[in-house]
Every structure is written in C-alpha cells, then in structure tokens.
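Residues per chain, in single letters:
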Amino acid sequence: MPDSARGDAETRGLGDAGTRRPDDAVMFTVSPCHRVPASLVLALVLLLVSYTSAVAQPQRLVVIKCDGLPYDMVDKLARQHDSQSGKSVLPWIDHIFYQRGARLSNFYVRGMSLSAPSWSLLETGQHLQIKGNVEFDRYTLRSYDYLNFFPLYLGGIVGARVDMPAVEILDSLGLPLLVDAYAHDERYMTMSLFLRGPRYATLQSGLQNKFLRPPKELFDEWTMGFELRNALTDQLLRETLQKLANPKLRYVDLFIPDFDHIAHHNNDKESQIFVLRQMDSVIGQVWTAIQKSPQANETALVLVSDHGFNTDDKIYSQGYNIVKLLGSSAGGGHHVITKRRLMLDYSIKGVNPLVPLITTTTPDSYYLKGESTVYPTAMLDFDGNERASLHLRDSDLNLLHILLQQLQRNELRPEVRKAAIGGFFSVIDRRRAEWKQKLTELRNELGALNVAIEEQGKLWELQPKKFTKEQQNAGLDDAAKRIWVQYDRWRIEQREYTAYVQALSNLLSLSSEAFTPSKVRIRDVIPKESMGDRNSIDKLQNYVYGLAPNGLVLNGDGSLDLARSFLRLDYIAMLHGVTVRNNVQRGITNRPVDLIATRLTRDLVLPLINEGDIDEDVIWVSAGADRQALLLSRRGADGQLSLRYLPVSNLRHDADGKLQFKLIDWQAGLPLQMFEDPNLAVPGNNRVAWLSQWHTDTEWLQALHRTHYSNGFVGLHEELARHHNERLSPDDPGLSDREKLMRHYARRKRELVEPDLLIVANDHWNFDVRGFNPGGNHGSFFRISTHSVFMIAGGANTKIPQALTIEEPYDSLSLMPTLLALTGELRDDNTPAPRLLNKGFRRFPGRVVKELLPNGLNNKHTTTNGVNAAP
Amino acid sequence: MSFQRIRPRQRSASLVFAFLLVISPIFSTISRASGFNDPPTAAPTVDETNPAAVLSQIMRLERIEVEGGAELITVFARLDGLESTNNDKWVPLVSILRDTLGDNTVENNRLRYVWPLTYTRPSLKQKIAAAIPFFYARVGNKDRTTRTPPPALDLASPEREVWNKIFWAALQNILLDPYGTPIKASTSSYRRNTSDYRKSHIIRALSVLALYQEVEGQSAFSRDEMATIQARLMLTDKAFGGLVDDSNLQSYYAKRTAATRDARGHNWELLRQRAETESLYFEPLVMPDGSATHAFLWVAKRDLLKQQGARFSGRFLNIANPWTDKRLLKWDGYVETRYFDADNQPVASDAPGAEAVEMIPLGLYGLDNPKIPMLLVDFRDNYNPKKREMSRRVINDVTRNVLSVSKFGNMPYFLGKTVFDFVTGRRGMDISQPSRLATYSQLKLLLALNKAMEPALRSEVSGRLESISVNPFENGINAEANIALEQYAALVAFAKDPKGLAAKIEQDRRAEMLPLQHGSKAQIAFRVLNVLTFGKYVHREEREGDMEHRLDIARRLEYHTRFLEQIAKSSAEVDITWNLDDVKRSLQFIADHGEQADGAAAAVTAKIFARTKDNETRRTCLDGLARIRSSKARNELLRISKNIDVDQTLRDLASEYLRGVRRDQPIAVTTLGGGTPIAVGQP
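Protein chains in written order, with our numbering: chain H, 4 to 874; chain F, -16 to 666.
Excised from the complex, chain H in its bound form (with noise of 0.2 Å):
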C-alpha cells in the first residue's frame, strides 16, 4: 500500500480511534444478555473501568533521541547536587524522570554499541539487519553510508533522494520506524539517522534565526566565535516546541546528538558536564512545553540513547590504523577501500561532503602496483571505532589473478608455463560448480529484476508531478518520490551486477585447451572493483597475497606448488599479534585487538560437537588461538532464542575444507571473559555447570549485564547471525516466481554486505582514521559502551509509574514494544494491534518493560486497547 493512502487510513483510523473508545469498550464488556438492572450498574462500573483503562494510557509520545547517552554518568550527576543552585546537576533530568518517571537502569545495546545498528533495533524493535554505520557489496563495491546527510539534501533537491539510507534499506526490508506507527500529519520527527525527507525548512531557518537576533548578541557571537553547529540544533528545539502546541500531533522527537560530539573529542568531566547540561536544560524546555500543552495529561516524554560511551577522564582514546597495516608489505599490501577518508580534518578534498568511495593506496602492493582503483582489495569499515569490519577480496581471485599476470609474462619457462595454466584451472574448477551456481542465480534474479524495473518505470510514470499543499501535508509528494528512488537504484544495481557478472562469466568461460593467456584481457576475467565472494576460514588463515621472492614453484609432478608459489597470511593470528612502542598510558594494554569473529555455518561445525538441533549460524570468536570459542543459537518451538557458549581452541580449516578445533575447558581469558568477571551472576555456585549449559537470550542477559563484556555474548549472536525476514524468506508460500527471484536478490544484497570479519578493539583502543578520537569511543561490547539510557515520565492519565527504578535488564529491543504497549498498540502477545499489522508492523521478539505498564503485569487491556481476536 503506498504512504499516501496508508496515511488516509491511519487519518481516518486513529482519528476515529480518538473517539471510539469508549464505545468499543462498551461493545466488549456489555454483553447482551445481560440486560437487568444490577447488571447494569455492573456493566456501567465496568464501562467506567475500562474506560478508564482505555485512556490511562498515553495519547502522544514525545521521543528525545540522545547519541550515545551512557546511562552511569547521567545517573551520577542526576544524584550529585550542585552546590552553586542547590539542585541537581541535571535538574530537569531529576525533576522529570527520577522525581517523576521511571528509568531503567539496566538498559543495554543489543549488538553493537554503534549508532546506526543500535537505532535500527531501537526504531523498528525487530532484529538487527544493518550491521554497521557503513556497509559495502561485496560484488560491486557500492556503500550504503548511513550516517551521511549531504547526500539525502543534495539529492533531495532533484528528487533524486527522499529518506535516509538506512531507511531505504529498512523499508527494503518491510521493518516500519516506530514513526511510521502514526500518520504523516500527525507526526514530527526531527533530524535523526533514520529521517524520511529532507528538513530544507528547517535549515534556512535555523540559519535566519541565528542571524536575526538582537545585534548586541549577534556581535557579542561574532567576537567570540560563531558557532553555526548549533543553528540546527537550536532550530530543531525551537521547532519541536512550537509542534508541542498542536494538538493534532501525536509523535514528535527530537534528535539531540551533543554528548556523543564532545565525548569523542573530549575526556574531560568539564566539557561532559557542561553539555549534558545544555541537554538537561532542552530536555526541561520539551517537559515545560507540554505541561503547557493542551495534551499534557496524555503525554508522555521517553529519554532514550542508542549506546554507551567508553570514556575516562584519566585516559586518552588511542588510535590504531588497521588500513596502514592492510597497506603495509607485513599486511598484504592491499590497496583499501574506505567510505571515510583518513585525517579527514587534513585533508582538502576532505571538504567535499559527498564522500565518494576512498581508496588507500599502498606502494607496498606486491601485484597490483598502480592498480589501487580497480583493483582494491580491501575494503574497512572503521566508522564506530572500537570495532572494524574488514572485507578481503576472495583469495582465489588475487591467486588466479597473480598466475594471469605470470601467464602473460614472456620470458615464464615452458614448463612452469604449462604448470601455472594447470593451477590457473585448477583452482577455477574447484570453484567452477559454485561459482556457476551463483552466477545463474543472479542471472535469474537480475531478470526478474529487469521486469522489476520495467514495471517501476510505469508506476513512475503514472505518477502525479505536482502535488497540493494538502497532499504534501499528506506526504503523497514523497510517496511518489520514493517509487522514483527505487526505480534509479534498481538500475544502478542492475547495471553494477550485470558487470560482476559479465566478468565472472568470461572467467568460466575460459578453457585450458584453447587458452592463449597473452590475449586475455585481466580485466575482463578478473572482476574490477569487486570482492567477489567472502572468504571461509581457510581462506583467512591462509590468504594469498602475492608471489612467492621464488616465483612460482613445482611440485615433483611438474605440477604448481600452490602452498609454495604464493605469500600467504594468517589474517586470525596476525591482527591478534598487532602490537605497538607507544603505549604510554598506565593499565593499557599494547594489543589493540581483543576480538575477532566471524560467521561460521552448521554444516562445518555439527560433526565436531555433541549437539543436534541448532541454528544455521554458528558465531567463532577469537581471542588468540588458545583461546576461542563458538556461540550456538537454537529456536524453541515458541520462537525462543537460546545460546550456548563453547569454548574451543585453534580453530582451523582442514586442506579439504574441514573444520579442526579443540573443546577446551572453561578458563580465565577466554573471548567476553564471563568466566572470570565478578559480576557474573548466575544461580548456584556452579558457574562452569551454568555457563556451559544451554540458555535463554533472557537469562544470557540477566546473568551477564554488569560483568565487563556485559551482554556482549547476545550482541556478537544479534551483529553476527543472520536474522529472518519475510522480504527475504523466498520460500514463504503463496509467492509468484518473480516474487520469489526478488527475495532470493533481496536477500543476496544483504548476504553481500557481509564481512570477512569483525575487529573488536581493546579497552581504551580504537580504529578510527578519519581523525582522532582521544576523548572516547564505543563500537564494542564493553557495559560502558552498550549501557544506555531509557526514562520515561508522563502525564497524569498515563499511568507511568513515578520515582521507579526498573533494574531488571533489558535490551534495545524492548524499547519498541514498549512504547506501543503503553500507547495501547501491542497484544499481549507482542503483536502489534491490527491497525499497525496493516502497516507492516510485526511482532516484536523483545520484551515488553512490564514494570512500566500501569496495571501491573499481564493486564489485557492495558497492552492490547481492546484488540483480543488474532488477526
């Protein structure tokens, strides 16, 4: 159903919701046959009751969306009192919240402490499905940044953009944002992450407003420095204040990203303090708003952050630049791909906003010399810093590649000629089967794809061009507008896939008895710009690089030596040996790394271990070789997750292909230290018995939420593990062929942007090389980076608890279901009600803060405002 006439329903929906209530609690609690009189002071007591009900429940919700909040230094001030005011540091924080609202004080990321994965799971409460703040393809090299603006307000003015990457990528998915819940003209959302047009308005008045002031204060500014960063952010404010009056709104946020800012530059309580302040006093500002808003009752404000912040006034954040030891000859020598540009600050094509694809040139390539933009062949993604994505290009293409330059050399012996061409086939044999598979799979989805296009083109044209004032208040203008977007970038893919293919075909396509190397063009076998297919294990712990200083080698047999003819990398062992001279700061260690993981699948881990049913997704994390482990997930019938932790160690793949590891017993030092960490609280005395057992993601969180890792054992399961999702389910029924060909594509773009594998820094490192980043960082799966903030406080009709400190832990996951509880939206059973299924909202795997709902625990119609029947 397109926006605009799911706006029209939700309108006239919600608006009737406004005043049907009443009258539908009537209909579910007067029955017929109770017409005498007793029963009818009954019925009316009950009327009352579940009238009373039906509106105890927030009517509007004011969103503030804080960057990187961390829940322990907003509770400390919020305690701590000033001396100079006599209240508390953060009075408004105190006043509304502490006073007179409900905080977790357990509330934690759920992945990684990174902004655009952790909004994702907060907007939509589904599992996670974007991965990072950037992701790439693998196959085409294309970036989906989702933290840049420019992009969407550049292309916003030829219409050429409407949302936020990350939400293309969302409603790609069919996962609604928590805004979408509420009708067009009855929501304000400000600028976040996850914006759905452009704010062009808000821009040029924020720029008129902070130069339209009284000249004393514009030139007391000027003297001082001005500050355009806070235009906007002022602007939003003044915006979300003047929306707060209209009565017809029923969602507004307010996106406040300062703290983050400053954390990052900063370690310093000072600067700290003296910008959660300024947010304190917004956040006043917000509550004084609607106290005077007509809504107030109804209203309630919800503070939440995406993440922690691992900050410390007594140290400084330290940078390590994974990209220089990729680049260096001791890392591979690889030309790299970033979507940031290093020492972005000093750098004068740094000013472009439109960041293009970055590539890191190394002279120290050992092939690929002055080749650096066509053939990278590495690809980081360093953007949450305390952790980096890496994607190396398919080992058996930089063999084949190596050997085709070889091939192509004149002077290459006969026999080491024949030989080379025999290895060239071999390898491409081992991997013609999937190779071809693959390739004829994405011809198949390419061609319904074609269609795809074809028809979009059509439903463009059909589009209106121009639109009224009040279809742009109804957001049509941007409903047609976005079957545009989709239209060009299906094309754009069309064409970026065609072109992996093509290459990739030309490869298969060369034979061994009619091969002539000399006119074989590389780049027409050898994908351009391309990763091509992600590396197992095998291919990591033994990845080729370059030629051999002897060039290439034959076995007795006249055969190629491949394990002699090419430089080879253990990637596992090298990046947990990175070590560093400069280390000047007391209790840090000099390893940057502490993590690495990966995705392994069931099939390669089954045989060695003693369990039967689990996931298809088997996590291996890595803390040095001697100290290993696998995270198992298993789905009880109810769709319960369930994880258990193995420790293993050195993990290795067989030269056919099996995987070798060793069971080893639980010790200190294994990856996420659960073992060993105080504050693991689990029942009994047996930790090994419990820790060793199969458990609920519940009880996973509840026994391990304040140990140092905190609930980092879910996090690497949510980051790593592959999620289900109708749009990418081909094997749903009822789906058409060309359908089922557009999940299959669907799936495989998000199957692509899959890395090699993920880098998690040790405490106080960090791989940022955009620039520094001393004051702090999160990324990781340390308490002090995924503990962040949910509060919230409310009028007197909504019911939420006052001066309640919720300690239970709960996750980002809870914060969606939530909300819709407390608006009345969710069946108990963690469905949304029907009106929001309609929207494509689905139920919700986190769990609901009972503590929050105003009827205890279980109440019926406090969660599901008189929607029983299943849809």
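Source of the hints: derived by calculation from the structure; they are not laboratory data.
Be aware that a few hints might be false.
[Unchecked claim] With a straight-line Cα cutoff of 20 Å, these simulated EDC-like cross-link-like pairs (lysine to aspartate or glutamate) come out: (1) K221/F to E230/H; (2) K354/F to E230/H; (3) K552/F to E220/H; (4) K434/F to D63/F.
Keeping the supplied structure of chain H fixed, place chain F upon it in accordance with the hints.
Frame of chain H, contents of chain F only:
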C-alpha cells in the same frame, strides 16, 4: 600602488630582512648562554597520582589587605625547575586585586587588576630592538626593576582595552603609516611585539590560574569569579573581546576550555600515532595537574642502525629524517638510557629481561595549539622551529609594511592569501600558522614547575627554547622569576602605601561613580575624552561621604541582576533548577532598591515571573516591578496584567500596582552579609 614603484624599497627591505635572518640565531645563542643547570630541589612525598594533592604542595596563595577595603591575592608556585631564587623557590606568579568595599560579603566585590608578575616594562634596549623591523630575536633580559608591575588587564573595565586598541590602530593608519615604510614598519613592529608580549604573559597567567583551580581545599575565588577572570583573560586575544557582555563569560570560558582540551587530546594522539608510524618514541610531558601539554619525540639508538635509509614522512613532525641523518650515528648531544621489555614496552631497569636502550631526543612539541602539535625544540636544528614561527611574521610584515598590500584593499592578494591560508591551515602545514606563543609560554611554566625532568635535559630544552622567541621583550626563564619577585615586592609596597594602591582604588571607585551620577550621553562624552587622551583623562566624581554606600547598592544590584539573568537564561522553569530562596533573595534586594534599579533589573524580574510557578516568588516579582523606577518595569507590569495565561489574582495585583494602590505592602527586612540592616519597610 604599483609594484614598479615599490621595487627599490622591496629590494632594500629584502636585504635588511636577509641580514636580520642571518643574525637572529646569534641573538638566540647569546640568550641561550643564560641557561640554568641546578638539579631540582627534593619535594615532600605526595600521592603522585592525585594532581590536586601534588598541586597543593607546589602552589599556595597569599592575601594582603589593602587599606580602604580591598585585598591583593597572589598565587605562588614553587618553581623547582629554576636555577635559584630567594624564598625557597616560591615565586609569586599572578596577583589579582579584589575591591571588597571593606566587608566580607561577596555580592559587592569587584575584581579589578590582574598582574602577571613576570610581565614587566621593557628595558630601553628591548624597546629599541622591538622597534626594528624584521628583528625577530631576543636581546637579553631586563636586569632589575623596582617599579610596580603594569597590570595586564582591568577586569572591571575591559572595554577600555578595546577603545585603546582602536585608537592606536587608527593612529597607526592615519598618522604614522603615511610617513613611509621605515616609520610604518618600525611602529607596527613595536606594537606587534608589545601586544604579543602581553598575550604571552596573559597565557601564562591563565595557565597558573588553571593550575591553582585544581588545588585541594577552599579557593580564594568562587567558581564564577574564576571563570570570569579566565574568560576575560581569554577574550583579550579578540579584537573586541572587552566588549563582550558579562553574561557570556561562563559559557565562553567553558567552550574555550573544552576547545583547548580538545586540541590537546588530538595533538597528543596525532603525535603518538605519527611516532608509532615512524618507529619513534612518544613521551608526553605533564603539568602538575596531570594534563599533558607538551611531548618529546625520541629515537632509539639501536633503531638508527636497523632503519638506516628507511622512508620517513616528516608531515606533522616537521623534523628531518633521522634514518638518513649521519649526525645521529655519532651523536654527542643529550642521551638518556631507558629500559624496554621484549614487547618494546618501557620497564624498570631491574625488570626481568629489561634491555637498556639509549635514546636521543629529536623534538619537543606543544600540544595546545589548534590543529597540529607545534614543534618548539628541534634538537638537531635550533633554527627549524624559529623559522616556522617567523614565517607568519615575515609574510605579514613584508606584505603590510614593505609592499603595503592589504587583504582588504587588494583582490588578487586577498584571493591568494585566502587560498594559501586555507591550504596550509587545512593540511596542517607549519607555515604561517597561528603563533606558538601560547604553547611556548606554557612550556616555560612547565619547565619551571617540572621536577621530574633530568636536569641536563631541562637545561638543554630551556636553552634551546629561548632561541625560538621572536620577541625582543621576552626575558629568560630565570630572569622572569627574579622579575616576578622584585615586582611583587614593589606591588606589596604599593599595596601597603596609603598613597599607593589604596589611593588608586579610591580613584577607581570615583570613576565607577560615573554611571551613578550621569546619563548615557555624558558617559559617552567622558569615554571619548578618555580615548582621545590616550587614556590619560579618566573622569572621576568628587569623593562624597556616601560613595561606598552607593557603590555597595549599585554593585549588589548588578550582582543580583546578573545572577537572575543567569538563572533566567539557563532554565525554562526556575523552580526546578534553582533554590527559590536564593532567587527570592535576589528579587527582594532588587525590590528593596527599586529606586536605584534599572531597566535590566526590570526585564530580568519579569523573566523570572514568567519562569516560575511559585506564587510567593511571583508576588515578589510584581512587588519588585512596582518599585523599580523605569518605564520598562511599568511596561512589564502592564503586560502581565493583560496576560490571560496568568492567574487572575496576580493580574489583579499587577493592575493594582499599576494604579499605585498597593504601595503599602510591608517588605521584609533585608540585611547585608555582615548582618547590618540596610533597608527596612517601604515608604
């Protein structure tokens, strides 16, 4: 002006410039000879991990009462790094005068003069050198002084500084510049040196105050006072900084401090990473408060052999490639032995497996500069940092004083300079960058305070540091300590002399009476006279018996008005964010002295009315508005009386006040901090 016409001048200027460039290092060498080598004095043992405890051992405060109701507060520091001083190395560094009107209440205090005690009037030789165009070197130290030091700033009238600057700039452009290049170049050089010299000592004063702020125990200055002093000092480097409203000082201080710490952290990390990349060793140098403001780069002798001929990128480091430098292989300069484990981590000499490694210092950098760490000492090339520092001065002096080209009068030059500045600035090239004045000045303080550095290294650094100075007014680090002691003695004598500081305070108070006696037009006229007479004429009222009392009321009104403005500005609802007793106390004071209160007091009273829900506070606001003799107050009352969002009772009350029927409202007794009733009831 065409290039053809100025060519001969250019040529001669170039010759002079070239000559001066050649001789500048000689002066540096001369000044280096006055270094110091004494080992540091042992200090009492304290918890080294607690900066506040460390600072309380090396910093202290001294207060001297000044006749007439003022106090001279001086921050002393124990400069263990100095060669020798009297007084057990305790050296007075900054004095601040606080006019208290003779009582103990803080509301009527007025901070006045700031004396960085190392800041002195230059000697004749220094003055002559400062007036020589293109002369970028020190000429030795000022010997002795018996005069009271010049204050760097009057905190009570910072705007005076701005008018003076404007006046001198106009004088330069209108009167002096037309006399030709020699006069123009000479006078502008002199002015530049004077300004830089003052800045350098203001920066030092700021560093001292920042350190003192961290000392354990009760401070002589309130948090607000400290922020005000530091913000005003920071604003001295802005052309119109003295005109910035007091209400902005707290946030300006917070933002500037955050920006400085941001730059420090970035430079720390930039230098550490660059050292790592180039296989060098990074070592931060910390101030006693634990903040790393400077850092050394070292090279290990063992690496010199291993890395011979290796690639080296000098970007941001701005030093020559150590791997191709033959001098390092037979280095006879300073060398230090450190111990490292197999993982290349520093360990104690007796640690198992510790390997002794000889280290050679390559450079010393300042970390507080914006954008990039600033090279202050190049241990292989003394002239390197100096020429980088001079590049900005040379470009400015040549274009302005020789070529007479201005950014604002010549479009090609404007474009060229803009592009050049953008490229060098953006890429962090140490050419024509902001001056290293701040970090240079801080390093002097650090060297004086730091006792951990090896004496030989300290001596080496301080000797080389003097050579970087491009200002003839600058004195050596030891000479400055002596100057501080002598100037402080003179200042104390001046403070104790009834005709000295006490008389000056009285003069200032008489000048402060100006707005209490005259309207705005008269005030402007007197200000113009002040500027036109080079600040010599200051209008002062005749002393009257009730002067102190009137000033007391005026200052308190200003205090309470500012306090309420701060509250109103910071919060949408003062009941939540401030103690209402404090708010009411300020409102009551304004109400009690409504006769003397002005429009600003009325405006802020109305703001508080709008930002409180407390009935009593609102009534106090209305009462205050009724008593303030200002049209603003009446307008605010009128507005409130017509505001339908306001409770009807309060609107009625506002109307009654407007009609004058509520003048019999009894007002509570207000007392001074000392307990003396100052106002009882209301007529």
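Quick rundown of the hints versus the structure:
This hinted pair checks out: K221/F and E230/H have alpha carbons roughly 16 Å apart, not beyond 20 Å. Taking the CA atoms of K354/F and E230/H, the gap is about 18 Å. The hint holds against a cut of 20 Å. Between K552/F and E220/H, the direct Cα distance comes to roughly 13 Å. Compliance with the 20 Å bound is thereby established for this hinted pair. For the suggested pair K434/F and D63/F, the alpha carbons sit about 6 Å apart, so the restraint of at most 20 Å is met.
Checked against the numbered hints listed earlier, the structure breaks none of them; every hint is satisfied.
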